[in-house]
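Visitor: Sequence:
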Amino acid sequence: MKKSMLYPEILPTLYWASLVHLLIAVAGAPMTQMGDLNMFKLWAIKAFDVGIHQAFVDPEFRYDWLPLYLYVSKTIGVVYDLSGLREAFGPWSRGLSVLLKCTMVGFHIVTAYFLYAVCRVVGQDEKQANLCALLFVWHPGILIATDLYGYQDAFHTALLAAALLVLLTDKRRLTYVLCALVALTKPQAVIYLIPFACFGLRNYGFRWALNAVPWVIGVFLFVLSPFLIYGTLFSVFDMYSGITNVHEWLTGCAHNIWWLVSPVPPFESDRLPLLLGLSGLHWGLLLLFAMLVSGLCWRLFRQPNNTVLLETCALLGFGFFMVVTEIHENHHYALFAFLAPVAAMRLPMRWIYSVLSITFAVGLMTTKWWLETDDFFQIGFLRVETLNAVVNVSVFAVWLALFFSKQLEVKELKVDIESEK
Numbered sequence: 001m002k003k004s005m006l007y008p009e010i011l012p013t014l015y016w017a018s019l020v021h022l023l024i025a026v027a028g029a030p031m032t033q034m035g036d037l038n039m040f041k042l043w044a045i046k047a048f049d050v051g052i053h054q055a056f057v058d059p060e061f062r063y064d065w066l067p068l069y070l071y072v073s074k075t076i077g078v079v080y081d082l083s084g085l086r087e088a089f090g091p092w093s094r095g096l097s098v099l100l101k102c103t104m105v106g107f108h109i110v111t112a113y114f115l116y117a118v119c120r121v122v123g124q125d126e127k128q129a130n131l132c133a134l135l136f137v138w139h140p141g142i143l144i145a146t147d148l149y150g151y152q153d154a155f156h157t158a159l160l161a162a163a164l165l166v167l168l169t170d171k172r173r174l175t176y177v178l179c180a181l182v183a184l185t186k187p188q189a190v191i192y193l194i195p196f197a198c199f200g201l202r203n204y205g206f207r208w209a210l211n212a213v214p215w216v217i218g219v220f221l222f223v224l225s226p227f228l229i230y231g232t233l234f235s236v237f238d239m240y241s242g243i244t245n246v247h248e249w250l251t252g253c254a255h256n257i258w259w260l261v262s263p264v265p266p267f268e269s270d271r272l273p274l275l276l277g278l279s280g281l282h283w284g285l286l287l288l289f290a291m292l293v294s295g296l297c298w299r300l301f302r303q304p305n306n307t308v309l310l311e312t313c314a315l316l317g318f319g320f321f322m323v324v325t326e327i328h329e330n331h332h333y334a335l336f337a338f339l340a341p342v343a344a345m346r347l348p349m350r351w352i353y354s355v356l357s358i359t360f361a362v363g364l365m366t367t368k369w370w371l372e373t374d375d376f377f378q379i380g381f382l383r384v385e386t387l388n389a390v391v392n393v394s395v396f397a398v399w400l401a402l403f404f405s406k407q408l409e410v411k412e413l414k415v416d417i418e419s420e421k
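Residue numbering for the sequence shown follows this note's numbering, beginning at 1 and increasing consecutively.
Please keep in mind that the hints were generated in silico from the structure rather than gathered at the bench. Ideal placement from N, C-alpha and C gives every residue a C-beta, glycine not left out. Accuracy of the hints is not assured; some may be wrong.
[To be verified] Pairwise CB distance ranges, derived in the manner of DEER restraints:
1. 301 / 51: 38 to 48 angstroms
2. 225 / 90: 30 to 40 angstroms
3. 172 / 75: 20 to 30 angstroms
4. 38 / 284: 31 to 41 angstroms
5. 201 / 38: 16 to 26 angstroms
6. 280 / 8: 49 to 59 angstroms
7. 123 / 291: 28 to 38 angstroms
8. 90 / 173: 16 to 26 angstroms
9. 54 / 170: 36 to 46 angstroms
10. 402 / 261: 16 to 26 angstroms
11. 291 / 75: 39 to 49 angstroms
12. 8 / 291: 43 to 53 angstroms
Start from the sequences, fold in the hints, and give me the full structure.
Guide: Below, the structure written as structure tokens:
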């Protein structure tokens, strides 16, 4: 098995793909600032002007990630200032929008390279690895999210892909560092560390986990050092604004189970009777998610191979999107990085990848201020978001059945072999 992470044969493909993505990002500059792009510009400017700590703690800046991305924001702000673009066009120009989007395009292309390397490491041939990279790099929804909206999900997806690659090649210290960095991005990335940890414990033993502790603490202290002059390591996480807004803001844009079972519309879940800050529906869906995580980890523990790890991560990401309240459509961006290698190997997974790619793109277009949902088409009494939810729930059910039926097939095969003996 090749352990090298150098694969120059994919570089020409990614080079031309990057040119197309950059062209789309630049061509979209005159368009309306879609999605949260203006907020991302605010982070970049303020992180440069007042420092990353102030940008993190001041509610005026509306920063709702864990601290790591502020380093990227500040770097973009520094480049924008030192290049003279800020002086020439002002602090809030479309030039800053293009710079933000081009940075995310870079992370997107890097992710595609890591996915190609993952495919080669797990034993796929060059044709399958190329298919995986192409499936990801030309994903229509990711193109919209990255090239037009400039979403920073490309950043933590690149970190996840890199962490996956070094985990599979057993580069342990680098795995610890990258996983610690992922843990400092956002909850939608942190959940993927659960199957990573399960895979590592099963294949490398308990000492693997113990050795990770000093590395993780060291990375945390290094990254968070600018914040520690104002408090302890724990107070940094207390200041994370996203924690206090989980109930209020993890709502509204996802076309998932909530759309089909909730008695109240999006952004109005506080109208439901609350128990310890959450409604009964929230608690029920959280319990369903906990059961899903347990089942997936059990399956991965029983079959701790590379393919099962990839599919477990993808299914966990989609399950998080499907059951945890009404989280935003772009929150399952990273699952396609784990699903693409599996789709390159198996035809049924290509169908799942294709359908989810369509619902992801449609969801972004209808909920992220490109098209007004109320003006979008209806089929009979069904709105497009309800149709999207029905398709997503159906795919989720089929995918779960396929995933766990393979475990049953393996168990039955073992029973047959033992009976023959």
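Visitor: Next, verify each hint and record whether it holds.
Guide: Against the structure, the hints:
The beta-carbon spacing between residue 301 and residue 51, approximately 44 angstroms, falls within the hinted interval of 38 to 48 angstroms. At roughly 33 angstroms, the beta-carbon separation of residue 225 and residue 90 lies within the given 30 to 40 angstroms, and the hint holds. Between residue 172 and residue 75 the beta carbon distance is about 28 angstroms. The supplied range of 20 to 30 angstroms therefore holds. Range check, residue 38 to residue 284: about 36 angstroms between beta-carbon atoms, so the 31 to 41 angstroms window is met.
Checking the proposed 16 to 26 angstroms range against residue 201 and residue 38 shows it is violated: the Cβ atoms sit about 43 angstroms from each other. Distance hint for residue 280 and residue 8: a CB-CB separation of about 55 angstroms, consistent with the stated range 49 to 59 angstroms. With their beta carbons about 32 angstroms apart, residue 123 and residue 291 fall inside the hinted range of 28 to 38 angstroms. Range check, residue 90 to residue 173: about 44 angstroms between beta-carbon atoms, so the 16 to 26 angstroms window is missed.
With their beta carbons about 41 angstroms apart, residue 54 and residue 170 fall inside the hinted range of 36 to 46 angstroms. Against the hinted window of 16 to 26 angstroms, the Cβ-Cβ separation of residue 402 and residue 261 comes to about 23 angstroms, which satisfies the hint. Between residue 291 and residue 75 the beta carbons are some 41 angstroms apart, a value that agrees with the proposed interval 39 to 49 angstroms. The beta-carbon spacing between residue 8 and residue 291, approximately 45 angstroms, falls within the hinted interval of 43 to 53 angstroms.
In summary, the structure is inconsistent with hints 5 and 8 from the numbered list given earlier, while agreeing with the others.
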